[in-house]
Each structure stands twice: as structure tokens, then as C-alpha cells.
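Engineer: Sequence:
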Amino acid sequence: MPIKKHVLAFFPLLLLSLTLAWPAITLAYDPSASDYGLKEIRDIKVGQGSDLKEIIANIINIALGFLGVLAVIFILYGGFLWMTAAGNEEQVGKARKMIVQAVVGLAVIFAAYIIANFVISQLKEATDVRS
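full-length UniProt numbering puts the sequence shown at residues 1 to 131.
No lab work stands behind these hints, which were simulated from the structure alone.
By construction, the Cβ of each residue, glycine as well, lies at the ideal position given by its N, Cα and C atoms.
Don't take every hint at face value.
[Said to hold, decoys possible] Per label pair, the in silico range of CB-to-CB distance:
#1 Ser17 x Thr127: 20 to 28 Å
#2 Gly68 x Leu16: 15 to 23 Å
#3 Asn117 x Leu70: 17 to 25 Å
#4 Leu13 x Ile55: 21 to 29 Å
#5 Val100 x Lys124: 44 to 52 Å
#6 Asp51 x Phe110: 21 to 29 Å
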């Protein structure tokens, strides 16, 4: 029975996230580009003579971006649990703990993003070959 509760709680959350994302999706659409959002993936350029540092930087940025979105989803889910707790202190505590953990995770992701960008920029500067 508890599985049905979680499944039923997932669908309104999915509907809400799609509703909130719809304006961004429609505004990001450029009919002249017709690349269906694959420009970022094409920027990786694996095997096309691209610099290894740039490939690694792009992969790190995509992975950290995905983790950031995942952390925000956990924050939203924790807020949803808190709002539906109906005064149940145990569920409020669980939701608060989830939100705090997600915020700490988001801070770690931001720090990793800053450190990775600094290291990659320093590597690019140190190994830049000028003719």
C-alpha cells in the first residue's frame, strides 16, 4: 500500500515540474535552428580533433548541471512532503532533513563547479601553445 502513495504523490510533482518548465521550453525553441536542443551535446565534439581539456570541461559541466537539477528536485520534493504533512511531526522532520541535505548537496555541487572551472581554466592557460 505505501508504494501506491509514493506513486500517486509522484504524478502531481511531475505535472507541476512540466508546467513550470513549459515556458522555458517554448521560449528556448528556435525554429530556424531545428537542432532540438542538441547543440550542447554537439559541443562535446568527441573524436573531432577537439582539445581534451575542452571535452573534459564540457562533460564536467553537463554532469554538474544534471546534479544541480536533481538537487533542486529533491528540494521541491521535500517541500511537497512538508506541505502534505498535515501536522505529522515525523513527516515534517523527514521533509526538513531532506531539504537540508539537498541544500548542502547543492552547495557542494556549486563548489565543485567553481573548482572545476578554475582548474580547467588554469590548465588551459598553462598549456596554451602560442605560435
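Engineer: Run through the hints listed earlier and report the numbers of any the structure violates, in increasing order.
Structural biologist: 1, 4 and 5
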